[in-house]
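**Q** Please build the complex by placing chains B and C on the supplied structure of chain A, with the hints as guidance.
What follows is each chain in one-letter form.
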Amino acid sequence: MARLLLLLWSLGPMLWQLVSSLRTSDALSGLASGGWTLEHYRQLLQGDPPFLTYLLNSAVVGVCSTALTLALAVPCAYALTRIGRRQARSLTLLVAAAAAFPAVLLFLALLELARDWHLANQLLALSLPYAGLCLPLAILLLQAAFADIPIELEEAALIEGMGLWQRLRWVLLPLLAPAMASSALLVFLFSWNEYPIALTWLSRTELLTLAPAMARIAGSSVYTIPYGAFAAATVLGSAPLIALMLLFQRQIISGLTQGAIKG
Amino acid sequence: MRWRLWLLMAPALALLLAVFAVPLLHYLWLSTQAQSVLTGLLPEPIGAQQWLRLWNDSRFWQDTWQTLRFSAASVSLEMLLGLAIALLLDQPLRGRGVLRTISLLPWALPTTVMALGWRWIFNDPYGPINRLVAGLGLPAIPFLSNPAITWMAAVGADTWKTTPFVALLLLAGLQAIPADLYEAAALEGATPWQTLRRITLPLLTPYLLIALLFRLAQALGVFDLIQVLTGGGPAGSTESLALYAYLNAMRFLDFGYSATLLLGSFAILLVLCGAAALLWRGNSRLQGALR
Amino acid sequence: MIPPRALRRWVLLLVALLGSLSLGLWGLARERLEPVSVLMPAPFADATADLVNAFNRRHPRIALIVTRGPLETEAVSDLAISSLLLGESPYDLLLMDVSWTPKYAAAGWLEPLDRWLGPKALDDLAPGAELGNAFGGQLWRFPLLADMGLLFWRTDLMEAPPRTPAELVAISRRLQRQGQVPWGYVWQGKQYEGLSCVVLELLRGFGGHWLVNNDPVLNSPAAVAATSWLQELVRQGITPAAVANMGEPEALQLFQAGDAAFMRNWPYAWAELNKPDSPLRGKVAFTTMVSEPGEPHAATQGSWGFSLLAGSKHKAAAVEVLRFLTSAEAQKQLNLRWGYTPTRLSVFEDPELLAANPALADLQLALAAAVLRPLSPVYAQLSDLLYRNVNTAITGERSAPMAMQQLQLNSERLLRSSGGEG
Chain A
2 MARLLLLLWS LGPMLWQLVS SLRTSDALSG LASGGWTLEH YRQLLQGDPP
52 FLTYLLNSAV VGVCSTALTL ALAVPCAYAL TRIGRRQARS LTLLVAAAAA
102 FPAVLLFLAL LELARDWHLA NQLLALSLPY AGLCLPLAIL LLQAAFADIP
152 IELEEAALIE GMGLWQRLRW VLLPLLAPAM ASSALLVFLF SWNEYPIALT
202 WLSRTELLTL APAMARIAGS SVYTIPYGAF AAATVLGSAP LIALMLLFQR
252 QIISGLTQGA IKG
Chain B
26 MRWRLWLLMA PALALLLAVF AVPLLHYLWL STQAQSVLTG LLPEPIGAQQ
76 WLRLWNDSRF WQDTWQTLRF SAASVSLEML LGLAIALLLD QPLRGRGVLR
126 TISLLPWALP TTVMALGWRW IFNDPYGPIN RLVAGLGLPA IPFLSNPAIT
176 WMAAVGADTW KTTPFVALLL LAGLQAIPAD LYEAAALEGA TPWQTLRRIT
226 LPLLTPYLLI ALLFRLAQAL GVFDLIQVLT GGGPAGSTES LALYAYLNAM
276 RFLDFGYSAT LLLGSFAILL VLCGAAALLW RGNSRLQGAL R
Chain C
395 MIPPRALRRW VLLLVALLGS LSLGLWGLAR ERLEPVSVLM PAPFADATAD
445 LVNAFNRRHP RIALIVTRGP LETEAVSDLA ISSLLLGESP YDLLLMDVSW
495 TPKYAAAGWL EPLDRWLGPK ALDDLAPGAE LGNAFGGQLW RFPLLADMGL
545 LFWRTDLMEA PPRTPAELVA ISRRLQRQGQ VPWGYVWQGK QYEGLSCVVL
595 ELLRGFGGHW LVNNDPVLNS PAAVAATSWL QELVRQGITP AAVANMGEPE
645 ALQLFQAGDA AFMRNWPYAW AELNKPDSPL RGKVAFTTMV SEPGEPHAAT
695 QGSWGFSLLA GSKHKAAAVE VLRFLTSAEA QKQLNLRWGY TPTRLSVFED
745 PELLAANPAL ADLQLALAAA VLRPLSPVYA QLSDLLYRNV NTAITGERSA
795 PMAMQQLQLN SERLLRSSGG EG
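Residue numbers (my numbering), protein chains in the order written: chain A, 2 to 264; chain B, 26 to 316; chain C, 395 to 816.
What the hints contain is simulated information worked out from the structure, not anything from laboratory work.
Worth double-checking, as some hints may not be accurate.
[Unchecked claim] Interface residues of chain B toward chain A, partial, derived using beta-carbon atoms under 10 Å: (1) Trp31; (2) Met34; (3) Ala37; (4) Phe45; (5) Leu50; (6) Leu118; (7) Phe239.
[Stated by the list, open to error] Computed far set for chain C versus chain B, every beta-carbon distance over 10 Å: (8) Phe449; (9) Asn450; (10) Ala457; (11) Ile475; (12) Pro513; (13) Ala515; (14) Glu553; (15) Trp664; (16) Glu689; (17) Phe718; (18) Ser721; (19) Glu743; (20) Val772.
Every residue gets a Cβ at the ideal spot worked out from N, C-alpha and C, and that includes glycine.
So that you can see chain A by itself, here it is in the shape it has in the complex (with noise of 0.2 Å):
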């Protein structure tokens, strides 16, 4: 019983939107029954710019801040596991801080620093907000994971005259692999889902990521109410990341509660 009520609690407004967006609009509005079209998704998808555009920006804003956020944040990982105990304690409180912290108070800021550097307007520039805001969360997940690693480990490499770097590559991170693995999946979700700094770094149509656009869409149209769009839009900018979701559920949980535990 329970379990069908968190079920329909999860599901029922995602079932929804996937009926709506596949009835038409006259039937929305109750000026007739029945009715069923593919019409909200082939205006979308051949929209100025297609909807594809926005999920394919959002894809590479995402894949770019996972991969700086990753390359940052790992060197920074192990040296907080490394540099001793008190320097290591108030860091990681800081870092702390910085994940819990509303990227959204940040906007203004941003939006001067987009202007004065000439970032604004460059999907891979907004990767560099991106991997800031996400960089705390990694860094406390890799934490976590380095401080897994036996020292001995390190140690016995060490002696084979190993220098930092090949330490880093050949001993550590093979042992680090899931722990990556979850980190760039929580970053790849926060990029793909981030709002109030890509609404402000972009103006121009055909850049737009997933989560601006949409809300444009919510803008509305002066004729009629695209509810049938609107829904079709939900859906297919939900898509990927339910497969995301269903395909990598382990890791991202696994990830989720490491850095609780440890956290």
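**A** Relative to chain A, chains B and C alone:
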């Protein structure tokens, strides 16, 4: 050796400083400048005037109250529901993995996407809930046009989206509790309620605290959901601090005051999260002493 | 003898070389074209597509590119502002709503047009359409389309439209009692710019004003009466309570479904209601807003016009575009094909148009009744105060006098603080 470790951290720390510290310092400066459409968008020093304006701005205090109301309601709902879901998922049930994944889905979707979805669900009169209501012959529920109801609609949408996150954190905590504790409790004939009070909740405390602090900070910065779902209306009854600051910058072109508002929100966030952490710590100390 | 495989490789290489060369040349040729980029809300971008093609054919040295903005007015403004704030705005011309112009001009984003269009630029504009383009002694915008608030009424339900607020209420009541319509009157009551337009019309209709000599007079008896009337409409069930979250599309949806006898909306609704598949085709007419006896039937002016951006690097070419798109010929085509209301007197009086579109004369009359929202760089704040406070009355949060008292105080404070600096 030492300096090499610092070198490894340097790029990450530099980016963190640029993204978190520099903006806050910049706001501090900007809050003492008039920079708006009336100054031709150029900064002009005006001292503490904007802080005074903030203090006397009834809309700022109204939004503060509304943001607090929203946060308190949605975070407490999320904690309760999250705990319930975590306890349910902790049971050895059939199809638990699938259920766990499905229940996590709402959390993974972009807020703007689902806010749009909720706008349609709450539609008066064509949304599903109001069709159901009309089918029963009752008057439509003004989800988005009545100040007394709309904020609860926003809380509902937020709860739907973020409860899975809380549930998952708490589930991790539940699974870290050693099973023999429960076995011992069962041998002593403890009721489920006693087990929950005496074993589960105390051991879950750190997780509850993390979830609470994280969610509280995020809820106090609520923006996406409100902007798309209600735009702050009706009658400004759902406007949050972040939305007010956004409007000041992007609609009114008043950057000095927007920065002041952002810092004001940050101060409120600090005070509240600090108070929550302190309270909790004091409380657990007290309990420890009593035990 | 070259072996066939090597031959193929050479041919491929040659093709690639030639291809890239011609691409490069084509690119060079394109470089010569002077690009002019215009941002428009999506419906206007669609409507002007043919004109843009015609322009590009006639001007081989200019490449006119239209960016299709979002559909909603405020969203377009947000987009324009963010691109201007980010610097290096990609646009040369903006299609602007009348209420944004003073803010953009004060921010230093616009180029005055006097120098480009000459002193007689506004001579051909119809009465009402010339408002809101020039202020501070300079011309900042040239109107493309006129827009004004109209009262739509159902010709199948009544003989003549109401002319006073009391008549509107009486007719609505009668029709509702007879079960002809569930609701009487729908309008824009959401907390957004549309509500300010609704209120402005009623302010004038009840004998009040928004500002007098740059001072707000929003707690005047007339202003309170206007707001009270709106509040009463909801309280008496003539307007559904959902109006507090209604914009133009929601109001149109309800009216078009046959669920209301009256609607306040813009001229686009006329075309929409008379589409072949519309259930109300031929059953609707429009007039100006109701008013108390002796007071004017006001129509909020909401025209769209082009402004030249100060940061544009192609000003002369952009002005060429502006002239072409706002020409009598272009306006005529926009009216014939899309039903948009022109701004030029010569177009209003065109016999061919009048024959094709008899409503044009009525539109011209309504345009002559146009009233302007305050031309102020802080208009966005003023309007925000107005729609928030009036919305509190519509939702029943506050009584109308209290809401207007609060509005008056806040507006005074805003204008005092901005007056000191600006």
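**Q** State for each hint whether it applies.
**A** So, going through the hints one by one against the coordinates:
1. Trp31: 7 Å, holds
2. Met34: 5 Å, holds
3. Ala37: Since the shortest Cβ distance to chain A is 4 Å, the answer is holds.
4. Phe45: Check passed: Cβ of B/Phe45 comes within 5 Å of chain A, closer than 10 Å.
5. Leu50: 9 Å, holds
6. Leu118: With a minimum Cβ separation of about 7 Å from chain A (threshold 10 Å), the hint on B/Leu118 holds.
7. Phe239: 5 Å, holds
8. Phe449: 32 Å, holds
9. Asn450: 33 Å, holds
10. Ala457: 31 Å, holds
11. Ile475: Incorrect as stated: the minimum Cβ-Cβ distance to chain B is 6 Å, not above 10 Å.
12. Pro513: Given a closest Cβ separation of 27 Å, the condition holds.
13. Ala515: C/Ala515 clear of chain B: closest Cβ-Cβ about 26 Å, beyond 10 Å.
14. Glu553: Holds, since 30 Å exceeds 10 Å.
15. Trp664: 24 Å, holds
16. Glu689: 28 Å, holds
17. Phe718: 31 Å, holds
18. Ser721: Answer for C/Ser721: holds, closest chain B Cβ roughly 32 Å.
19. Glu743: 39 Å, holds
20. Val772: 7 Å, violated
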